[in-house]
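> Sequence:
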Amino acid sequence: MEAMDALALPFADAVVKNLFLRDDKKRNYYLVVMPEDKPANLKALRSALEARPLRFASEDDLRGILGLRGGAVSPFGVLNDEEGKVQVVIDEALRDWPAVGVHPNDNTATLRVPLPDLLALFEDRGVPYRFVGMDAVSAQ
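Heads up: the sequence shown runs through residues 1 to 140, numbered per the numbering used here.
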């Protein structure tokens, strides 16, 4: 993300970060899309998803399920998920963004994609997605 910041992209304020997570039993996988400058709070996300404890998925899972390597996680990676294991989770904070800046499954480029177009692509391909508020931390 720091190297990308140095590029001074014209749409730098629309760039998101993407996390590939799984629950502790490897039963559920999540591709999380959130504002680039927002800290990832896995406890809050777990609470919002009503999920088991969350962990970052391994490089093997990333390669095997999404066909990606570390540093290149992208919402487009779910198009490689032939078994439909991955749910896309989008931070509620992004709901009104007109577009997002994402990698095209390769971290040497960033595309500005209209958010409605990305969601339409998920719908067309039957990729489950949902918006989730990731700000509230449970008292647990």
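No lab work stands behind these hints: they were computed from the structure.
Backbone N, C-alpha and C define an ideal beta-carbon position, used for all residues, glycine too.
Be careful, since some hints might not be right.
Claimed, not checked - Below, simulated DSSO-like cross-link-like pairs (lysine-lysine); rule was C-alpha separation at most 27 Å, straight line:
#1 Lys17 x Lys85
#2 Lys17 x Lys38
#3 Lys26 x Lys43
#4 Lys38 x Lys85
#5 Lys38 x Lys26
#6 Lys26 x Lys85
#7 Lys43 x Lys25
#8 Lys25 x Lys85
#9 Lys17 x Lys43
#10 Lys43 x Lys85
What the hints assert, rightly or not - Label pairs and their in silico Cβ distance ranges:
#11 Pro114 x Lys25: 28 to 38 Å
#12 Asp24 x Asp96: 31 to 41 Å
#13 Glu59 x Asn28: 15 to 25 Å
#14 Arg52 x Thr108: 31 to 41 Å
#15 Pro116 x Asp24: 26 to 36 Å
> Please go over all the hints and tell whether each is borne out by the structure.
Structure-based check of each hint:
1. A distance of roughly 20 Å separates the Cα atoms of Lys17 and Lys85; the hinted pair therefore holds under the 27 Å criterion.
2. For the suggested pair Lys17 and Lys38, the alpha carbons sit about 9 Å apart, so the restraint of at most 27 Å is met.
3. Only pairs whose Cα atoms come within 27 Å are accepted, and Lys26 paired with Lys43 is accepted, the gap being roughly 17 Å.
4. Between Lys38 and Lys85 the alpha-carbon distance is near 26 Å, which keeps this suggested pair within the 27 Å criterion.
5. For the hint linking Lys38 to Lys26, the alpha-carbon distance of about 25 Å falls within 27 Å, and the restraint holds.
6. For the proposed pair Lys26 and Lys85, the alpha carbon gap of about 10 Å is at most 27 Å, so the pair holds.
7. At most 27 Å may separate the alpha-carbon atoms for a hinted pair to count; Lys43 and Lys25 meet this at roughly 16 Å.
8. Between Lys25 and Lys85 the alpha-carbon distance is near 13 Å, which keeps this suggested pair within the 27 Å criterion.
9. Note on Lys17 and Lys43: the hinted pairing holds, with a Cα-Cα distance of about 18 Å set against a maximum of 27 Å.
10. Pair hint Lys43 plus Lys85 holds up; C-alpha atoms about 22 Å apart against a cutoff of 27 Å.
11. About 36 Å separates the C-beta atoms of Pro114 and Lys25, a value consistent with the hinted range of 28 to 38 Å.
12. A beta carbon spacing of about 33 Å between Asp24 and Asp96 agrees with the range 31 to 41 Å that was offered as a hint.
13. Taking 15 to 25 Å as the suggested C-beta distance range, the pair Glu59 and Asn28 conforms, at roughly 19 Å.
14. The beta-carbon spacing between Arg52 and Thr108, approximately 35 Å, falls within the hinted interval of 31 to 41 Å.
15. Checked against the hint of 26 to 36 Å, the C-beta distance between Pro116 and Asp24 comes to roughly 34 Å, which is consistent with it.
Consistency note: the structure conflicts with none of the earlier hints.
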